[in-house]
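Trainee: Residues per chain are reported as follows:
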Amino acid sequence: MRSDIKHLRRKIIKLAADSGEGHIPSALSVLDILWVLYDRVLKFDPKNPDDPNRDRFILSKGHASLGLYAVLAEKGFFPVKDLESFGKFDSAFGGHPDRNKVPGIETSTGSLGHGLPMAVGAALGLRIQNIGSRVYALIGDGEANEGTIWESALLASHHQLSNLVCVVDYNHSTDRALGLGCMSEKFRAFGWDSTIIDGHDHQAIFGALKRSSNSRPIAVIAETIKGRGCPIMENNAEWHHKSPSMAELESILESLI
Amino acid sequence: MRKQLVNTVESVLKDDERTVLLLGDIGVFGFRHAFRSFPNRVYNIGILEQATVSLAAGLSLNGLIPIVHTIAPFLVERSLEQLKIGFCYQKLGGNFISVGASYDYAALGCTHHCPADVGLLKNLPGMEIVVPGTSGEFDILFKQAYSDGNPTYFRLSERENPVSYDVEFGKANVIKKGKLATVAAVGPLLKPVLEASKDLDVTVLYYTTISPFDPKTLKDNCPSLKVLLCEPYYQGALSLEITKALAPAPVLLECLGVPHRFLTDYGQAHEHDEVIGFTPQSIRERIERLIYA
Chain A
1 MRSDIKHLRR KIIKLAADSG EGHIPSALSV LDILWVLYDR VLKFDPKNPD DPNRDRFILS
61 KGHASLGLYA VLAEKGFFPV KDLESFGKFD SAFGGHPDRN KVPGIETSTG SLGHGLPMAV
121 GAALGLRIQN IGSRVYALIG DGEANEGTIW ESALLASHHQ LSNLVCVVDY NHSTDRALGL
181 GCMSEKFRAF GWDSTIIDGH DHQAIFGALK RSSNSRPIAV IAETIKGRGC PIMENNAEWH
241 HKSPSMAELE SILESLI
Chain B
1 MRKQLVNTVE SVLKDDERTV LLLGDIGVFG FRHAFRSFPN RVYNIGILEQ ATVSLAAGLS
61 LNGLIPIVHT IAPFLVERSL EQLKIGFCYQ KLGGNFISVG ASYDYAALGC THHCPADVGL
121 LKNLPGMEIV VPGTSGEFDI LFKQAYSDGN PTYFRLSERE NPVSYDVEFG KANVIKKGKL
181 ATVAAVGPLL KPVLEASKDL DVTVLYYTTI SPFDPKTLKD NCPSLKVLLC EPYYQGALSL
241 EITKALAPAP VLLECLGVPH RFLTDYGQAH EHDEVIGFTP QSIRERIERL IYA
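In the order they appear, the protein sequences are chains A and B. The opening position of the first sequence corresponds to residue 1 in this note's numbering, with each subsequent residue numbered one higher. The opening position of the second sequence corresponds to residue 1 in this note's numbering, with each subsequent residue numbered one higher.
Hints in this document: simulated from the structure, not taken from any laboratory. Every clue listed holds true.
Calculated pairs, DSS-like style, for lysine-lysine (alpha carbon to alpha carbon, straight line, at most 27 Å):
#1 B:Lys177 <-> B:Lys244
#2 A:Lys43 <-> B:Lys91
#3 A:Lys101 <-> B:Lys91
#4 B:Lys91 <-> A:Lys88
#5 A:Lys47 <-> B:Lys91
#6 B:Lys122 <-> A:Lys101
#7 A:Lys101 <-> A:Lys242
Every value quoted in this text rests on a predicted model; they were computed, and no experiment measured them.
Chain B with its partners taken away, still in its complex shape (with noise of 0.2 Å):
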């Protein structure tokens, strides 16, 4: 995703003069020609993350929309409060685009995991968190976004679907329809997940967007009360949400995702996928039990 990052962010940089892009010292090269165009609006602000995240934020405060981008470890883990304060508590607009995911950068060790974010994330109030899929659904995500006043976490991976889907900011998308179980797939997990279930009764939905959640969606499709919940970071984020939207009906909730310890393997990232079971044919399993539960 990170070639479809550069395309979008200077489309925006081109057709919206409030936008102000921050890079901690990472996709300088991609950049090099946002910085040529946009002298005054493209800084490699260098590796200080927390000053980085309250600088957007005065940006912010005079209108401006800044667009930060970093590891996603140091974006979010090192700069919460930052985060928490100049953007959520203040009510500001602004825009962070992380790379590396769980484990995008698996060999380099835990340092740089982040299967944390989305966790943490959703404990700031007003922080909108985006979780695209493909290349193509982060440009279509992040143009319905970027300034809409709140701040607003994009979560890009290595890891993409085949297809992209006709993806709405605030929605999920209804990918198949079944009576069995409901499997809710996050993000670039939809691919083994539509894998796993091609040929069973179940609906596939897919998230995109992690908050605000979509709960209707949910709730008009969901006749089993039976949900696989497969998220692409620690597992069971959005449990409480899945709940909530089906409720009071009671709900036989399954949650599959990263385990909650530190991936202290290295390697590479499909290697820790099988450890986890983000694998269509353990997804398979997991479905199949959930039915005959």
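Looking at chain A on its own, in the form it has when it is part of the complex (with noise of 0.2 Å):
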């Protein structure tokens, strides 16, 4: 597993520098969550990614695209080689992930906010259709800024939308400009069930996201850390939009834990 992942981290770090673009410390704080989704939580058939019975993941925070790229193409929805086009003039594979142009990809997210009202939309459509697949949506901390996270939070209690898991990949990145202090008693007080975990851990975070409720929908809160696998990334802010020169690639790639 642990391999796996330094194989993500290298294709993530390799596919910002070629292009120029990405943002890489969002993409390597998810990387672990969106890992054990694909490869142990999510019902999907790659050669059938409009499935009505699969299960949706919806990656509200869009910035974090090249970590969701790199998984859906080692669980085979486009080839690997695809990706090198990355932020290409002509490439299917932006900044921000387009659901017209990528299999696999249920939304198209960039501006925050958006995506969790959306997998609220998709949770509520599968129970009036009585399909019993899950929703997972991903948030960040800075998103969780936005009005939007939290009407969202409001409906998927009342409605009681028990399919729906969000995940809040809590890297602190907010910390500067509005600090969210325990999100987790934020989502209980809004009627959620919650945890805490450690988002790196891998065990822990199978579990959480495993985890059922009767009627409430479920928040994960992931204590994650930015640029996570990469020591000169991890927590350092002028890396947030930034791809390595191919002088520093190299020394970044040996480091990579």
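Join the two chains, each given in its own frame, into one complex according to the hints.
Mentor: Here it is in structure tokens:
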């Protein structure tokens, strides 16, 4: 498992370096969660990405797209080689994901605060259609500044959407602007089942993602580190939206954990 | 048109199991039967328009057909980015039915006016815009467009024309033909336009679909190359469409619409009509000026 993650980290950093685009630390922050989700939790068929019975994953913080692309390629939604076009003029793979271009991308996100309410709609829709699948959404703590996140939190608990799981990638990027304190308490106050985990511990992630509740939506507050696994980038704001130069690339790849 | 809204939406809820109605805490009494008949598909979602529009997009992702209903400024202006990303950029179908129009709620003030809706939505690629002039026309146009896979905005108003025409989504109607000028009337402005022009030798075209615009009917019915465009929202929203439809011929275009300012007076809608010039007499003067220009 760990070696898979390291391989994905390498891929993400090389893609960003080649294209000069991408939010590497965010992609690394969510990578363990995405890997466990696609490797062990979600029901899906990469050859039939529109299967109505699939579980849905919505990357609400779209700027972590590189992490999701890398995982989707690894899981066979499209050839890994296609990712080499990342960020180029006519590529399907942009800095934020486009559902109309990339198989396996459920929603086109980028502007923050849109993915979670769409996930609420998808979860409500599954219930209306009597489909027993689940909807997973991944938001960031910076994203949780947006009012629509809390509008969604109200809606999901009011409508008892126990088929909805919201993972918060709590890498504390918003502490410098608008601190959120204990996110778990906040979600609980909004009527959610909520738990806090180490967002890089695969067993803990798996356990939290498999939680179930009779009537409550489920919040998983994943404590994460921006740039996880790449020492020079860990919790270093300078790297938020920066690509390594070719000169930096070799030593960065060497240093990966 | 509110009563018709209930009848039309109820009949679609009954006939099409894919439809889901989301009310922004208005119209709840009117839809009381629908709540009972379709408890899984009718929601009084609350006063959170942004999340409501995104939630509707999530329903659409699953192949359902959302119908969102609230007052125009909250549906359009507050939720503009949700309409842009959730529906237009993602290419998802949905229906947005507003009430209040430009200033139906005149006495409630500018927070409840929405003369900017059509101009704003015209800037969202893929958004269809419908401005029916009567209840009956709303019924026809909604049933034609609600499941076409595109986002569609229906602008309902308390103001109605006395007669319904045989409207078709995406097409303008030729109401009468004349030589000296062409008047393009949108939705409920047809009534004063027809009164104003009853004995004038002018063409009157009636537009109930704003986007996609029907250029052909205009091109085929504008021998004078003089157009008075009468729109019940901020003026000139369709001016580019008019000039492009007639290009390369040069058109003399006059725009009547809500002036681009806040309508800070209260009172009743017809009082605003008089100030703006949405009266037969005022429109007649505009047409005559254009004819002799």
